[in-house]
Amino acid sequence: MSIDKITIENHIRALRFAADELTQQKLAEHVGVSRQTINAIESAKYFPSLEVAFRIARVFDKPIEDVFQCHWKSK
Amino acid sequence: MNVSFEEKSVWIQLVGMVIGLGIYFVIAGQMALSGVREMPAYAAVFMVAVVGMVIFLIIAHILAAIMGKPEQSDERDKLINWRSEHNSAWVAAVGMLAAITCMVFGVENVWTANLLLLSLALSEILGFVLRIVYYRRGV
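Top to bottom, those sequences are chains P and B. Its first residue numbered 1, the first sequence is counted upward by one per residue in my numbering. Its first residue numbered 1, the second sequence is counted upward by one per residue in my numbering.
It is possible that some hints are incorrect.
Stated by the list, open to error - The following label-pair restraints were derived from C-beta to C-beta distances: (1) P:62 - B:90: 37 to 47 Å; (2) P:7 - B:90: 42 to 52 Å; (3) B:107 - P:26: 53 to 63 Å.
If you are wondering where the hints come from, they were derived from the structure by calculation, not from laboratory data. Computed from a predicted model, the values in this text were never measured in an experiment. For glycine and all other residues, C-beta sits at the position ideal for the given N, C-alpha and C.
Just chain P, same shape as in the assembly (with noise of 0.2 Å):
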């Protein structure tokens, strides 16, 4: 079965709000990275390194298919 395409999905904005409303600055000075970048993981404009997922999914203590997910269409 070959892949035909792939969409990752993030649930960074909602797990914010649920974590006491955690800014999108603290987030980034928790990750290692900037307010920038977590704004464009947020939008998917970016799709970060396994270790700053790891990192983000460790800030809200979930595993990290609980913020990252993804999606597939097979030919």
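On the provided structure of chain P, position chain B as indicated by the hints.
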């Protein structure tokens, strides 16, 4: 304003390079058309343009740093830098091949040198434009 220090820096470098080297190429073009063929004359104009550009870059970066706290570049900045360089380096390569061709066919050094300089400048400018596009549209 949703612009990182890195992106502001790209804008500053783009404006500085377009104005600084734009002025140089306008003057150099007029010199070439009026028959100036001595390389030192062009080098002097180029040096003035580069010094002016460097002063502009320093002042503009200081102002940008005062207006917003500079952050360290992160993995997204590095990816954008890499991808923009990867997609703009061909302009410099084409310019170098053209300059070598000019030398083979005995074109005057003034034209060859300025062609080389122009290709390097256009490659850099394309790189800055691509970086801004990647920052705005995503990478």
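Hint check:
| no. | hint | in the structure |
| --- | --- | --- |
| 1 | P:62 - B:90: 37 to 47 Å | 43 Å, holds |
| 2 | P:7 - B:90: 42 to 52 Å | 31 Å, violated |
| 3 | B:107 - P:26: 53 to 63 Å | 60 Å, holds |
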